[in-house]
Amino acid sequence: MQKLLFPLLLSLLLLSCNNPRKGALSPESRGELYTWAISSLDTDKKYLKLAEKTAQMLEEAVNAPQDQQAMDIVTKFIFDNDLAITRISQEFRGWHRYAEPEEVSSFAALLNSQSYARRLRELVPMFRQRINYSEAWLREFDAFINKLEIRR
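Here our numbering is used: the first residue of the sequence shown is 7, the next is one more, and so on.
There could be a bad hint or two in this list.
To be verified - Lysine to aspartate or glutamate pairs mimicking EDC-like chemistry, simulated, CA-CA at most 16 angstroms apart: (1) Lys-153 - Asp-88; (2) Lys-51 - Glu-109; (3) Lys-82 - Glu-146.
No wet-lab data here; the hints were simulated from the structure.
Work out the full structure: start from the sequences and follow the hints.
Here it is, written out as structure tokens:
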């Protein structure tokens with residue numbers, strides 16, 4: 007009996023240590039966004055990466071079967087990437103404030119040409135509509151979206 011119990015407990019332990027997070031919530035994705043945030047790359051390139059990861063996360067959230075699961079994805083993404091999101095957002099606001107109008111127009115055209123930006127324009131209102139019955143969820147989601155300045 008003990009011979010069977012040890013392998014069973016060991017397999018349960020190994021399965022519980024497995025990190026099932028994939029996609030936008032994966033450790034690789036989190037590390038990539040943080041690396042971009044602290045890099046010396048241009049702010050507009052960092053913002054494009056943040057927009058791409060946000061679209062990936064929202065795609066996963068919209069496809070979640072239950073609303074609680076969907077909001078958990080959003081909340082986990084915000085929590086896991088808070089430092090990178092804050093840093094990139096602050097840099098972007100500073101860049102946007104002092105950039106020449108031609109630079110801003112050029113960036114807007116570049117952003118709008120990206121497939122993930124077009125998808126974001128669809129996903130943000132779609133997800134917002136999905137969770138509109140919960141004021142707390144709406145506040146959390148809107149605060150995140152406003153931090154990114156996606157609506158502008």
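A quick look at each hint next to the structure:
{"no.": "1", "hint": "Lys-153 - Asp-88", "result": "11 angstroms, holds"}
{"no.": "2", "hint": "Lys-51 - Glu-109", "result": "13 angstroms, holds"}
{"no.": "3", "hint": "Lys-82 - Glu-146", "result": "12 angstroms, holds"}
The structure fails none of the hints (numbered hints given earlier).
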